[in-house]
Amino acid sequence: MSEKLIPDWLEKPTDVNALAPNLWPQHFKRDSTGEVSIAGVAVDSLATEFGTPLFVIDEDDFRSRATFVKKAFEAAAAEIGTEAKVYYASKVFLNTEIASWVNDLGLNIDVATGGELAVALAAGVPAERIGLHGNNKSLYEIGRAVTAGVGAIVIDSEIEIERIASAAGAQDKVQPVRLRVNTGVHAHTHEFLATAREDQKFGIALADVPALVAKIRSHSHLRFLGLHSHIGSQIFKADAFEEAADRLIEVHAQLLAAGDVPELNLGGGFGINYTPADRAPVVADFARLLAAAVAKACKKQGIKAPKLAFEPGRVIAGPTTVTLYTVGTIKDVQITEGSIPAVRKYVSVDGGMSDNLRTALYQADYTAIVASRHSDAAPVVSRVVGKHCESGDIVVRDSYLPSDIGATDILAVAATGAYCYSLASNYNFVTRPPVVAVRNGKARLLVRGETEADLFSRDVKYQQELQQNGKAKS
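Count the sequence shown with my numbering and you get residues 1 to 474, in order.
Derived by calculation from the structure, the hints in this document are not laboratory data. Every residue gets a Cβ at the ideal spot worked out from N, C-alpha and C, and that includes glycine. Check the hints yourself; a few may be wrong.
List of simulated lysine to any residue pairs, SDA-like, C-alpha gap at most 25 Å [what the hints assert, rightly or not]:
1. K71 / K91
2. K12 / I340
3. K237 / R247
4. K85 / N95
5. K29 / P276
6. K237 / K215
7. K91 / K201
8. K4 / T329
9. K173 / N135
10. K12 / D404
11. K173 / G124
12. K91 / G149
13. K237 / P281
14. K307 / R288
15. K331 / K307
16. K345 / K300
17. K387 / A453
18. K300 / A75
19. K215 / A253
20. K345 / E35
21. K331 / S403
22. K307 / A284
23. K85 / D350
24. K387 / R288
25. K71 / E83
26. K345 / K387
27. K442 / P21
28. K387 / K442
29. K12 / P341
30. K173 / K201
Computed spacing ranges between beta-carbons, pair by pair [unchecked claim]:
31. E450 / A377: 32 to 42 Å
32. D239 / I330: 39 to 49 Å
33. D454 / C389: 16 to 26 Å
Model the full assembly from the supplied sequences, consistent with the hints where possible.
See the structure below:
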């Protein structure tokens with residue numbers, strides 16, 4: 001079956017210059033000349049100074065979203081007589097600057113590797129506000145986390161109980177831990193983003209919880225904080241969370257009979273808008289629904305609501321960032337939809353799957369606009385593709401762009417603050433883009449773009465020859 005030219009969700013815009021309000025960062029504006037500015041900095045100026053591709057973060061939007069999410073969950077927890085803490089997902093988008101913003105705003109941060117832990121610590125995040133995840137933590141990562149004094153290590157399998165206890169015992173420390181539980185709840189999301197189904201690598205079965213918690217409690221160098229659940233990512237409906245909360249609280253109540261269970265981490269993974277057709281949930285509404293579900297389940301079990309923890313995921317960073325690209329080649333491709341001849345415009349840009357793998361990996365949808373000028377041309381069905389040697393190297397699968405789009409136009413792609421830079425690679429020996437923050441009319445470089453010299457920096461033969469040639473010249 002051939003691919004449909006225009007998906008059902010994609011509506012033809014009446015104005016190709018319009019900016020959908022549910023997609024772009026707070027300070028993303030098109031001025032009277034037609035050029036877009038972000039927090040007062042024009043895209044042409046950004047492209048000239050830093051080059052493209054370029055990740056651009058609206059810093060004030062990031063800060064306000066982080067603050068809003070934190071307050072929303074704290075308020076929802078207070079309504080049911082308990083407390084809540086919010087973890088920023090470092091895997092979404094991380095560098096020391098972003099980690100420092102998260103720290104300044106009072107959020108916790110979760111990490112899944114030694115590298116992410118190193119960044120959080122280097123940024124000055126207090127270790128007690130860090131949680132370490134991961135289904136296969138190395139002994140070195142566990143030891144480093146214990147040494148640092150992280151606030152929680154999430155146990156993902158039985159063998160980790162002994163490993164963490166051993167590391168804590170060797171340092172004569174008591175390490176707080178959570179136990180990740182696979183609730184069996186099926187979240188409404190992409191198959192690769194659902195993380196609580198039975199046949200996948202994360203967590204342990206609910207039926208195994210009592211025995212493993214007893215094992216945790218048998219170690220004097222471990223302190224059991226409670227259960228941890230994460231049912232998936234890019235989730236738009238609360239029903240799966242409500243079902244997970246009910247199942248978790250039932251087990252939580254059983255565990256209370258043998259000891260303290262101060263916390264419950266319900267995870268998160270709340271969805272955001274990537275296209276004008278998306279209707280992402282309001283975080284405050286989700287927070288109230290989840291808190292109410294916990295209260296209901298606790299009432300049924302006859303227990304007090306525990307302290308809650310949440311990992312909202314991409315909702316903080318995702319919408320605050322755009323990627324700027326420069327258009328290169330353009331071609332109109334004749335295709336057939338059913339028996340009707342049609343044309344799709346292929347717009348090639350100077351990046352691709354090396355800076356946004358999500359389209360190829362998850363069939364993710366994105367939205368692109370021409371950001372460098374106004375256009376009076378009619379909108380045409382377009383596909384934004386990258387420069388890599390892969391037919392699947394697609395940045396925006398389906399979009400309407402002006403029919404007069406041309407080389408050197410600057411495209412902006414919305415909502416690239418989640419998992420785009422994090423998944424970036426050097427495929428085809430393409431250098432990874434820089435990251436800049438914009439605020440109050442000024443741009444600040446957070447991560448410099450790679451150079452070809454960076455690509456050769458770990459090439460042993462090249463470096464040996466470079467060193468030998470340098471000695472010969474001297």
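A quick look at each hint next to the structure:
1. Simply put, K71 and K91 have alpha-carbon atoms about 22 Å apart, close enough for the 25 Å limit, and the pair holds.
2. Simply put, K12 and I340 have alpha-carbon atoms about 19 Å apart, close enough for the 25 Å limit, and the pair holds.
3. Our distance criterion of 25 Å between C-alpha atoms is met by K237 and R247, whose separation comes to about 17 Å.
4. A C-alpha spacing of about 22 Å is found between K85 and N95, which places the hinted pair at or below 25 Å, so the restraint holds.
5. For a cut-off of 25 Å, the pair hint linking K29 to P276 stands: about 17 Å separates their Cα positions.
6. Taken as a hint, the K237 and K215 pair is broken in the structure, with Cα atoms around 35 Å apart against an allowance of 25 Å.
7. For a cut-off of 25 Å, the pair hint linking K91 to K201 stands: about 18 Å separates their Cα positions.
8. A C-alpha spacing of about 24 Å is found between K4 and T329, which places the hinted pair at or below 25 Å, so the restraint holds.
9. Taken as a hint, the K173 and N135 pair is honoured in the structure, with Cα atoms around 23 Å apart against an allowance of 25 Å.
10. Under the criterion of a C-alpha separation no larger than 25 Å, the hint pairing K12 with D404 is consistent with the structure, at around 16 Å.
11. Under the criterion of a C-alpha separation no larger than 25 Å, the hint pairing K173 with G124 is consistent with the structure, at around 22 Å.
12. Proximity of K91 to G149 is assessed by CA-CA distance (about 20 Å); at most 25 Å being required, the pair is judged to hold.
13. Taking the CA atoms of K237 and P281, the gap is near 7 Å; set against the 25 Å cutoff, the hint holds.
14. Taking the CA atoms of K307 and R288, the gap is near 15 Å; set against the 25 Å cutoff, the hint holds.
15. Only pairs whose Cα atoms come within 25 Å are accepted, and K331 paired with K307 is rejected, the gap being roughly 57 Å.
16. For the suggested pair K345 and K300, the alpha carbons sit about 58 Å apart, so the restraint of at most 25 Å is broken.
17. In summary, the hint linking K387 to A453 is supported, as the alpha carbons are separated by about 20 Å, within the 25 Å threshold.
18. Distance restraint check for K300 and A75: the Cα-Cα separation of roughly 23 Å lies within the 25 Å cut-off, and the hinted pair is therefore satisfied.
19. At most 25 Å may separate the alpha-carbon atoms for a hinted pair to count; K215 and A253 meet this at roughly 18 Å.
20. The hinted pair formed by K345 and E35 meets the criterion: a straight-line CA distance of about 23 Å does not exceed 25 Å.
21. Under the criterion of a C-alpha separation no larger than 25 Å, the hint pairing K331 with S403 is consistent with the structure, at around 11 Å.
22. For the hint linking K307 to A284, the alpha-carbon distance of about 18 Å falls within 25 Å, and the restraint holds.
23. A hinted pair counts as satisfied when its Cα atoms are at most 25 Å apart, and K85 with D350 does not qualify at roughly 41 Å.
24. A C-alpha spacing of about 45 Å is found between K387 and R288, which places the hinted pair above 25 Å, so the restraint is violated.
25. Simply put, K71 and E83 have alpha-carbon atoms about 11 Å apart, close enough for the 25 Å limit, and the pair holds.
26. Of the pairs offered as hints, the one joining K345 and K387 holds, with about 16 Å between alpha carbons and a cut-off of 25 Å not exceeded.
27. Between K442 and P21 the CA atoms are separated by roughly 23 Å; this keeps the pair inside 25 Å, and the hint holds.
28. A distance of roughly 30 Å separates the Cα atoms of K387 and K442; the hinted pair therefore is violated under the 25 Å criterion.
29. A C-alpha spacing of about 19 Å is found between K12 and P341, which places the hinted pair at or below 25 Å, so the restraint holds.
30. As the CA atoms of K173 and K201 are separated by approximately 29 Å, the hinted pair breaks the 25 Å bound.
31. Between E450 and A377 the CB atoms are about 35 Å apart, so this pair conforms to the stated range of 32 to 42 Å.
32. In this structure, D239 and I330 meet the distance hint of 39 to 49 Å, their C-beta atoms being roughly 44 Å apart.
33. For the pair D454 and C389, the supplied restraint of 16 to 26 Å holds, since their beta-carbon distance comes to about 21 Å.
The structure is inconsistent with the numbered hints 6, 15, 16, 23, 24, 28, 30, although it conforms to all the rest.
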